[in-house]
Amino acid sequence: MSDITKLSLNELIQNIRNKKLSSTEITNSFIERSEKSKKLNTYVTDNFSSALEAAKIFDEKPNMDLKLPGIPIAVKDLFCTNGVRTTAGSNILNNFIPPYESTVTQSMWDEGAILLGKLNCDEFAMGSSNETSFFGNVQNPIGENLVPGGSSGGSSAALAASLTPVTIGTDTGGSIRQPASFTGTVGLKPTYGSCSRYGIVAFASSLDQAGPMSQNVKDAALLLEVISKFDNKDSTSIDFKRNKYSSELTNNIKGLKIGIPNEYRVEGMPKEIEDLWKKGIEIIKDCGAEIVDISLPTTKYALPTYYIVAPAEASSNLARYDGVKYGFRSEGENLIDMYEKTRSEGFGEEVKRRILIGTYVLSSGYYDAYYLKAQKVRQLIKNDFDNVYNNVDAILTPSTPSSAFKIGEKTDDPVSMYLNDIFTVPVNLAGLPGISIPAGVDDKGFPLGLQIIGKPFDEQTILNIAYSMEEKINFKNNITDWWM
Amino acid sequence: MTIDLKTVKHISKLARISTDEKKANKLANDLNSIFKFIEALNELDTEKVEPLTSVADTKLRLREDKFEANNIRDKILKNSPDENKDYFVVPKVVE
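Chains as they are written, first to last, in my numbering: chain A, 541 to 1024; chain B, 5 to 99.
Chain A extracted, bound-state conformation (with noise of 0.2 Å):
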């Protein structure tokens, strides 16, 4: 077989359980292609001989009831992962070697498949174009200097570049869709509580959520059912019952209810995004289902809310890098001087934005007036959502208003990129799940996506949808593999 790192997850598994391809030929030509893939900058550390290891130990006896049977997978590099270095894309963990592993990771390995390597992403999820890394951009393997999204960008850039047949990101405002849009390929990340975040370098805590990253709708669905459940080590983990999300996958979408959020026409929004949406309802009315235009008053003050309430969390989660048990420290004249010399170069400039505003809004003074304001915004936002699902099954909108930018595009302006994420955020707010689905190119030929919004623990709804929209849209993401 000559294109094997082009089969979709659910193609490798077939050929493995059909005995027409091992463990070890899939690891061995996803780490080829790895190897000559290193201008695209997306890997942090490889894992590649401990992989071909496993592969071989799992040829040797391998067990085809299980879900991801030999299957080699490479995770954002915010994933705790036992034995192996976990850097959360920043100095201050440059040489922090985890004694344990994230539970999500350890979900997977239990169902055979094998850690290929960790993935580049924004400096601790901080970023929506993998630009704030330590480790250095990443390349969009869609055109030259593109920035691949972020920030699970590594993983975007590694799965459009078929370096990896899925992968798994993080979203907390728009993390897994934001750059699955910008690579042509799917992203989901599940309800609040589906997924463990034991052992997921905290960022936002109320907000964080694992989820995978697919080639196409199918092998989402099947991730998901691998790293979505109960666990007792997450203190807000769920406990309600999963559905077989690859089995009982349907394209029979017909009679269910899709909102049009009137509120997401936003303004200056480029006219291809506008067309994208149209022809997505389109298709939604193919399949059968019903369009029902919505209102969701309040999405306008979502960003701002975000831009209080993640910083605050964040503020409070990063206060345990101080330089004394892992991670990199500087040293001072004392302790208190330590500390601020590590956390001054152990930080890059974005987290150390995002952490004094949320020392800001935290501060005494400014509490009421910033962070219990935002609070009770979240409320109202939610309070939006929990409103239109007494009519509608689910909600249409764009991934994002616009395609890949360049890289260095919007450094210097903090709010316009942080206006990426105007379409995603609302979602985290609410703690919904939301799928993105690859559904067109503009007129620079990148892709965009669609998203598509869901009730809470209702991931098989939004999967139906994205899956029957897939088969009509048939996209096809053009790879000219431009870094060879």
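Hint data in this document are derived by calculation from the structure and do not stem from the laboratory. We put the CB at the ideal spot given by N, CA and C, even for glycine. Please note that a few of the clues may not be correct.
Output of the computed footprint for chain B on chain A, the stretches with three or more beta carbons under 8 Å from beta carbons of chain B [said to hold, decoys possible]:
1. 635-644
2. 832-842
3. 847-858
4. 865-873
5. 881-888
6. 899-911
7. 919-926
Simulated pairs of lysine-lysine, DSSO-like, Cα-Cα distance not exceeding 30 Å [as the list claims (entries may be wrong)]:
8. A:946 - A:818
9. A:560 - A:1016
10. B:26 - A:946
11. A:840 - B:30
12. A:794 - A:1012
13. B:40 - A:922
14. A:784 - A:773
15. B:52 - A:922
16. A:950 - A:819
17. B:17 - A:865
18. A:950 - B:10
19. A:579 - A:840
20. A:773 - B:63
21. A:781 - A:922
22. B:79 - A:773
Given the structure of chain A, go ahead and fit chain B onto it with the hints provided.
Just chain B, lined up with the frame of chain A:
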């Protein structure tokens, strides 16, 4: 409202991040543009709204106070930036 240099220095101190004059000036600019964007929230009347602290509608669970971690003391200490193998070491705190 505007965030002045003095405020930037104060919050930097609270966050234990040392900041020189040049960086503090740049930060003051950045923070002001971000807070200008955040001010939009003041348009909303939220007097009667309850703050949302978590979307997960669950109570915190209690568990048995039981030891679960394996013996990973050495692995933990190995991550320490100081080379001492038995303790975490910090600069002298008490004179």
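Problem - Agreement of residue 17 (chain B) and residue 865 (chain A) with the hint, judged by alpha carbon distance not exceeding 30 Å - result: holds (21 Å)
Problem - Agreement of residue 560 (chain A) and residue 1016 (chain A) with the hint, judged by alpha carbon distance not exceeding 30 Å - result: The given pair, whose Cα atoms are some 26 Å apart, holds under the 30 Å limit.
Exercise for the section: Measure nothing beyond the straight line between the CA atoms of residue 781 (chain A) and residue 922 (chain A); if it is 30 Å or shorter, mark the hint as holding. Expected result: Distance ~23 Å between residue 781 (chain A) and residue 922 (chain A) Cα, so the pair holds.
Handout entry: Pair hint outcome, residue 794 (chain A) versus residue 1012 (chain A) [Cα-Cα no greater than 30 Å]
Key = Holds, at roughly 15 Å.
Handout entry: Restraint status (C-alpha distance of residue 26 (chain B) to residue 946 (chain A) at most 30 Å)
Key = This hinted pair holds, its Cα atoms lying about 28 Å apart.
Practice task
Examine the region 919-926 of chain A for residues whose CB is less than 8 Å from any CB of chain B, and state whether their number is three or more.
Solution key: holds (count 3)
Handout entry: Proposed proximity, residue 773 (chain A) with residue 79 (chain B) (alpha carbon, max 30 Å)
Key = Holds - the C-alpha atoms of residue 773 (chain A) and residue 79 (chain B) are around 20 Å apart, at most 30 Å.
Problem - Distance restraint between residue 950 (chain A) and residue 819 (chain A), which requires alpha-carbon spacing of 30 Å or less - result: holds (29 Å)
Handout entry: Verdict on chain B covering the region 847-858 of chain A, where coverage means 3 or more residues with a C-beta closer than 8 Å
Key = holds (count 3)
Practice task
Between the region 832-842 of chain A and chain B, see if three or more residues pass the 8 Å beta-carbon test, and mark the coverage as holds or violated.
Solution key: holds (count 3)
Exercise for the section: Examine the region 881-888 of chain A: at least three residues should have C-beta closer than 8 Å to a C-beta of chain B. Expected result: holds (count 4)
Problem - Coverage of the region 635-644 of chain A by chain B (three or more Cβ within 8 Å) - result: holds (count 5)
The structure is inconsistent with hint 19 alone, although it conforms to all the rest.
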